[in-house]
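Colleague: Put together the whole structure using the sequences plus the hints.
Number of protein chains: 2
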Amino acid sequence: MTAEIITIGDEILIGQIVDTNSAHIAQELNKIGISVHQITSIEDEHSHILTTLKGASQRADIVFITGGLGPTKDDKTKPALCSYFDDVMIKNEEVLLHIENLFKKNKITPISDLNRQQAMVPSKAIVLNNKYGTAPGLWLKKGKTVFIAMPGVPFEMIALMELEIIPKLVKEFKRPFIYHKTIRTYGLGESAIAQRIEIWENNLPKAIKLAYLPGFGTVRLRLSGKGVDKELLKISIDREFEKIHPLLEDLLPNGLGEDEDISLSIGKLLISKKQSISLAESCTGGEIAARFTKIPGISNCFKGGVVSYATHSKEDILKVPAGIIKKHSVVSAEVAEKMAENAKKIFKSDYALSTTGNAGPSKGDSDADLGTVFIGLATPARTFSKKFEFGGNREQIIEKSVNEAFKIILKELK
Amino acid sequence: MTAEIITIGDEILIGQIVDTNSAHIAQELNKIGISVHQITSIEDEHSHILTTLKGASQRADIVFITGGLGPTKDDKTKPALCSYFDDVMIKNEEVLLHIENLFKKNKITPISDLNRQQAMVPSKAIVLNNKYGTAPGLWLKKGKTVFIAMPGVPFEMIALMELEIIPKLVKEFKRPFIYHKTIRTYGLGESAIAQRIEIWENNLPKAIKLAYLPGFGTVRLRLSGKGVDKELLKISIDREFEKIHPLLEDLLPNGLGEDEDISLSIGKLLISKKQSISLAESCTGGEIAARFTKIPGISNCFKGGVVSYATHSKEDILKVPAGIIKKHSVVSAEVAEKMAENAKKIFKSDYALSTTGNAGPSKGDSDADLGTVFIGLATPARTFSKKFEFGGNREQIIEKSVNEAFKIILKELK
Numbered sequence: 024m025t026a027e028i029i030t031i032g033d034e035i036l037i038g039q040i041v042d043t044n045s046a047h048i049a050q051e052l053n054k055i056g057i058s059v060h061q062i063t064s065i066e067d068e069h070s071h072i073l074t075t076l077k078g079a080s081q082r083a084d085i086v087f088i089t090g091g092l093g094p095t096k097d098d099k100t101k102p103a104l105c106s107y108f109d110d111v112m113i114k115n116e117e118v119l120l121h122i123e124n125l126f127k128k129n130k131i132t133p134i135s136d137l138n139r140q141q142a143m144v145p146s147k148a149i150v151l152n153n154k155y156g157t158a159p160g161l162w163l164k165k166g167k168t169v170f171i172a173m174p175g176v177p178f179e180m181i182a183l184m185e186l187e188i189i190p191k192l193v194k195e196f197k198r199p200f201i202y203h204k205t206i207r208t209y210g211l212g213e214s215a216i217a218q219r220i221e222i223w224e225n226n227l228p229k230a231i232k233l234a235y236l237p238g239f240g241t242v243r244l245r246l247s248g249k250g251v252d253k254e255l256l257k258i259s260i261d262r263e264f265e266k267i268h269p270l271l272e273d274l275l276p277n278g279l280g281e282d283e284d285i286s287l288s289i290g291k292l293l294i295s296k297k298q299s300i301s302l303a304e305s306c307t308g309g310e311i312a313a314r315f316t317k318i319p320g321i322s323n324c325f326k327g328g329v330v331s332y333a334t335h336s337k338e339d340i341l342k343v344p345a346g347i348i349k350k351h352s353v354v355s356a357e358v359a360e361k362m363a364e365n366a367k368k369i370f371k372s373d374y375a376l377s378t379t380g381n382a383g384p385s386k387g388d389s390d391a392d393l394g395t396v397f398i399g400l401a402t403p404a405r406t407f408s409k410k411f412e413f414g415g416n417r418e419q420i421i422e423k424s425v426n427e428a429f430k431i432i433l434k435e436l437k
Numbered sequence: 024m025t026a027e028i029i030t031i032g033d034e035i036l037i038g039q040i041v042d043t044n045s046a047h048i049a050q051e052l053n054k055i056g057i058s059v060h061q062i063t064s065i066e067d068e069h070s071h072i073l074t075t076l077k078g079a080s081q082r083a084d085i086v087f088i089t090g091g092l093g094p095t096k097d098d099k100t101k102p103a104l105c106s107y108f109d110d111v112m113i114k115n116e117e118v119l120l121h122i123e124n125l126f127k128k129n130k131i132t133p134i135s136d137l138n139r140q141q142a143m144v145p146s147k148a149i150v151l152n153n154k155y156g157t158a159p160g161l162w163l164k165k166g167k168t169v170f171i172a173m174p175g176v177p178f179e180m181i182a183l184m185e186l187e188i189i190p191k192l193v194k195e196f197k198r199p200f201i202y203h204k205t206i207r208t209y210g211l212g213e214s215a216i217a218q219r220i221e222i223w224e225n226n227l228p229k230a231i232k233l234a235y236l237p238g239f240g241t242v243r244l245r246l247s248g249k250g251v252d253k254e255l256l257k258i259s260i261d262r263e264f265e266k267i268h269p270l271l272e273d274l275l276p277n278g279l280g281e282d283e284d285i286s287l288s289i290g291k292l293l294i295s296k297k298q299s300i301s302l303a304e305s306c307t308g309g310e311i312a313a314r315f316t317k318i319p320g321i322s323n324c325f326k327g328g329v330v331s332y333a334t335h336s337k338e339d340i341l342k343v344p345a346g347i348i349k350k351h352s353v354v355s356a357e358v359a360e361k362m363a364e365n366a367k368k369i370f371k372s373d374y375a376l377s378t379t380g381n382a383g384p385s386k387g388d389s390d391a392d393l394g395t396v397f398i399g400l401a402t403p404a405r406t407f408s409k410k411f412e413f414g415g416n417r418e419q420i421i422e423k424s425v426n427e428a429f430k431i432i433l434k435e436l437k
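Line by line, the protein sequences are chains A and B. Count along the first sequence from 1, add 23, and you get the number used in my numbering. Count along the second sequence from 1, add 23, and you get the number used in my numbering.
PhoX-like cross-link-like pairs, simulated, lysine-lysine; straight-line CA separation at most 25 angstroms:
id : chain 1 : residue 1 : chain 2 : residue 2
1  : A       : LYS167    : A       : LYS249
2  : A       : LYS368    : A       : LYS296
3  : B       : LYS99     : A       : LYS249
4  : B       : LYS257    : A       : LYS96
5  : B       : LYS249    : A       : LYS96
6  : A       : LYS204    : B       : LYS96
7  : A       : LYS317    : B       : LYS430
8  : A       : LYS154    : B       : LYS423
9  : B       : LYS229    : A       : LYS96
10 : A       : LYS114    : A       : LYS128
11 : B       : LYS434    : B       : LYS410
12 : B       : LYS204    : A       : LYS96
13 : B       : LYS96     : A       : LYS232
14 : B       : LYS77     : A       : LYS77
15 : B       : LYS434    : B       : LYS371
16 : A       : LYS229    : A       : LYS197
17 : B       : LYS154    : B       : LYS194
18 : A       : LYS257    : B       : LYS96
19 : B       : LYS99     : A       : LYS204
20 : B       : LYS99     : B       : LYS165
21 : A       : LYS410    : B       : LYS127
22 : A       : LYS317    : A       : LYS423
23 : B       : LYS423    : A       : LYS317
24 : A       : LYS197    : A       : LYS253
25 : B       : LYS291    : B       : LYS371
26 : B       : LYS342    : A       : LYS371
27 : B       : LYS114    : B       : LYS164
28 : B       : LYS253    : B       : LYS204
29 : A       : LYS249    : B       : LYS96
30 : B       : LYS253    : B       : LYS266
31 : A       : LYS368    : A       : LYS297
32 : B       : LYS96     : B       : LYS154
33 : B       : LYS194    : B       : LYS167
34 : A       : LYS371    : B       : LYS368
35 : A       : LYS342    : B       : LYS368
36 : A       : LYS96     : A       : LYS114
37 : B       : LYS154    : A       : LYS423
38 : A       : LYS317    : B       : LYS317
39 : A       : LYS317    : A       : LYS54
40 : B       : LYS342    : B       : LYS409
Because the hints were derived from the structure by calculation, they are not lab data.
Modeller: Written out as structure tokens, the structure is:
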């Protein structure tokens, strides 16, 4: 059971947007045992669409197509499908009704002929309801290959996958089981990890693949396997996961080494311990707060934060004494600690994290070198801080600061 | 002059990462007049790599390859290139020296044989220096087609493109000129815009393409053209841009309609007017602060913000009277306005934006419906707020709130 994804639209090819649709489709297919072997992005151009459809049909059982289903002149997918399937367009009354209802319910603008034209579909297609949009999904078959066309607007495509396509695939196809397990390590490079786990890697069962996924200061290791016996596959990958764990123990601040975002691990610990946290962010400028906000169920544990970008707001709101700032500079251990301590008091939280540093590009209110960052933590028992010298550009320095701050609070919570 | 991009690595095909590399490469190539006609993502598998290289060579002048150059067992690109070019690997002393220097300078871990192996390259390749990593870029030629292989780690690839590949392409190839201009509209759907600009669109010169790029509450319209005469192309697209402008005037809060992120427009206005802003964020949880922080040069204008996630922090830090919260509920116009007013006072800023609402999934401290959000703004002259009822999930509600907040302050600044 193999699939390919074809995305149609010039915006990906000129780099104007990043193709997040394919990642979502691949993830959802993986969960039901369908592997994606190729993703192809092509322009809105009739003959290129036809060649690509043909190529994909020779390699894959199912071909997913996104984009180019819209109502405007640059949308070429439906005419191309008609050519490929030697088909004509017919009006689908159900789709028309849906479009009219969508306009009645949601839109301020009146419905137009262009909108109504969205109800024209290839006559050989099974029509899939697009809950949130006017362009329906299309399911077509040629020989043994199934072609599924979806609109390129992400939230419409996501709903179509969830509500229509995945259930239909599950019903119609017998699929193997795919299982992945990923370990997230911090602190060593790809080669050093490879050396450390060499003997284990050489002895991996043939059915299990290992991939190294390097990131900023992290390397994720992914074990994957595919098979008909779900239980056997799971046992065998879990067993390898158990074996690799002691080899990497010092590189796993998350403890279990599961591939969970570190902010989520923190959130879970806080929620389970019924403890709370607050923030005093200078150089990270709200980025830590924004990450905490994304954790489901965090609202009782995340009390809030102060983004004290200007020096005077460190004095006025966080009550860092002007003398400390003057004596030690605004980028200093003393200021980081005072910020954390006072945030903890102001927000009445159990913990408080603080950041102060110079992420560039200019030096700002401080004489600190570019990349110098202090991270402070106030806990129920004590307050401390750590100094970092990060390399990279502004964005990278902020990202690294956020990661280190998360590591510090996670270590303390455990 | 056409190019294709091939990304190698299972992580894209299982949806574990999103392919941002291709977007970057495409953008950079576009700037120097090279169009990308296809992007293909395939797994780390020898024969699939070979077939894909062959296919691309038949369509493109230049084939870019990313990924699979690492030192570990799952990296298959170099052996595949050797097969494809009927080549052998040789040790490159310059690369070896570079790797050793990298380890001397940056790494805590000692250099290993695996690291040293990165100096083995196909003998027919021109080696391109990877400033930030151990895997060099490779430049190979077969017939008329140039193949350029780069590591998949984004910051290494970005530096290689900038420092080595783009300069070499510019030197070696005669290229046409590509020009894009994008207008960002707010408030109308794709079809409604298409109808409004139909006559203009039908009269577009053949050499100019129009694309509709719908987003959350925005539609971007992109004009593109390609030609040898840079000036002529620019004049002709700029002229169309001028013509479309009056047709869309009410949909362009950015005024000029240039495709600039709205936060950047706000930042520029604040900087030029030497005015300052602060924030009091509840339901947006630091997201607005994080966006402001990313604007270069904003530090004198962005005073900071309070993320008042817990109700008591609205009382304690933002000094919203408990009586107002009790009387009107924490999600109300009155609270949004008080938050903005007090943030303006506390941070001593000219403007202050506030958000309070229910982004779900649970109701939190308020009885407000899911999706109800109040956005407040305090200006030097007055304080007001607007109520919104957003649909969608938590992430979408936050995103829409941020966008509306930006629109409110932008309108006020102008």
